[in-house]
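All chains should be modelled from the sequences, with the hints used to inform the complete structure.
Chain order of the listed sequences is A and B.
Here the first sequence stands for residues 1 to 160, numbered as in this note's numbering.
Here the second sequence stands for residues 161 to 373, numbered as in this note's numbering.
Wrong hints could be hidden among the right ones.
Quick list of simulated restraints, FRET-style, between CB atoms [said to hold, decoys possible]:
#1 A:K121 - B:L264: 18 to 26 Å
#2 A:L61 - B:A219: 28 to 36 Å
#3 A:K121 - B:Q250: 30 to 38 Å
Footprint (simulated), chain A over chain B, 3 or more residues, beta carbon under 8 Å [to be verified]:
#4 199–212
#5 326–338
If you are wondering where the hints come from, they were derived from the structure by calculation, not from laboratory data.
Quick reminder that beta carbons are idealized off the backbone N, C-alpha and C, glycines included.
Now for the letters of each chain:
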Amino acid sequence: MSGGTKWYLSEDCLLAAKRVMYTVEYRRFYLRDLESIVVWPNAMWLLRPILSVLLFALLGLLLWPLWGAEAGLIFGSLSLLWAGWELALGPTARTRVRTTGATVDLAIVARTRRAGRVLAKIDAAVRAARGETEQPAPAVPAAQPALSPKEAAAPIGDLP
Amino acid sequence: MNINLFTPPEGRSSPSPLPTAAGAVECPKCSGDVVPLVTPTGWQNCPFCRRRLQIRRWAALRQSTSAATAATDQATCFFHPDKAFQACCQRCGRFVCALCDLQLGAEHVCPTCFERGRTDSGLDGRKSEWRHRDVLYDSIAVTLGWSWFILWPVIAVALPAAIFLHVKYRKAPRSYLIPRSGWRFWVAYAGFAWLPLTIATLILLPRWLAGRH
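This is the structure in structure tokens:
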């Protein structure tokens, strides 16, 4: 029903495109208005591997009378692989974006391990955008060159 | 006696904050004030609830929203006759005060033009600053094309609907705020065609092969 939120970074704003059924809703966060972005790990993220192990274990138990030991082997392996994959990816992340006008909780990154990279990219864009409107400050160079139109439309990392 | 759970007791030392990272951020768990720090990993702990946080903070560039009262010989706001003029709406030309001045990027607009722009954002790519929603007609067509067989008589309605969507909104995907090509319309047609073609092949092919022999 909900296709998640994709984030796009341009020269002057951070765009959130949220897919809901057959519509996409846009929300802009102008870089001049950004005050803070806080990322923290989701306390319930361990439920994902635990539930997957339990689910596959249940399936293995249900199919054991039909398939025998092979069922346990197959589903046990699948559950361990899934749980291992979730643990390797790390905790899921939650994000709070604060601007001069609003504070919203929208997931900018899916996993905390990517938070540093994404925040660094946003930070560079914010400083570059503000450097154009602030007083001339030769000691504050732009963190990265201006984005081309194609780069401006590029999603931030591999966000959901 | 310190009874405030959100302020650390006296004597607890905390890392000194960066001189440039003045100000604090509210912890999402305990709502305590957390001063952004620079750490090797980028992560820090809330001093009160120990929640792991990664913070980026920038100085607030607050726009003045207190509209000044107009003097007797001063231009006034169209919506607030007692407030002083601050900016001119770049759409309709009306004078607006600090309260009514809405900025979309570098453009100043009045509340009326803002609401009209949001309503009429439509498919005009020049109004991308105003667009807040797009309807994905190509995705609707794909759904029609690939789900009709759940209840096969629906094809009598689904196929004309998909054709209608394609004809009327064939240019829409390119004008979405995040543009995309219109290949999904053709995928919808494939969805209508695969089942009849498969059935026809399964029925006619053996007959043709039998006829050859």
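Okay, the hints, checked on the actual structure:
Look at K121 of chain A against L264 of chain B: about 24 Å separates their beta carbons, and that is inside 18 to 26 Å. Distance hint check: the CB atoms of L61 of chain A and A219 of chain B are about 58 Å apart, inconsistent with the given range 28 to 36 Å. The hinted range of 30 to 38 Å is satisfied by K121 of chain A and Q250 of chain B, whose Cβ atoms lie roughly 31 Å apart. Note: the segment 199–212 of chain B has 4 residues with beta-carbon separation from chain A under 8 Å; the three-residue rule is met and the coverage holds.
Evaluation of the coverage hint for the segment 326–338 of chain B: fulfilled, as 3 residues show C-beta separations to chain A shorter than 8 Å, against a requirement of three.
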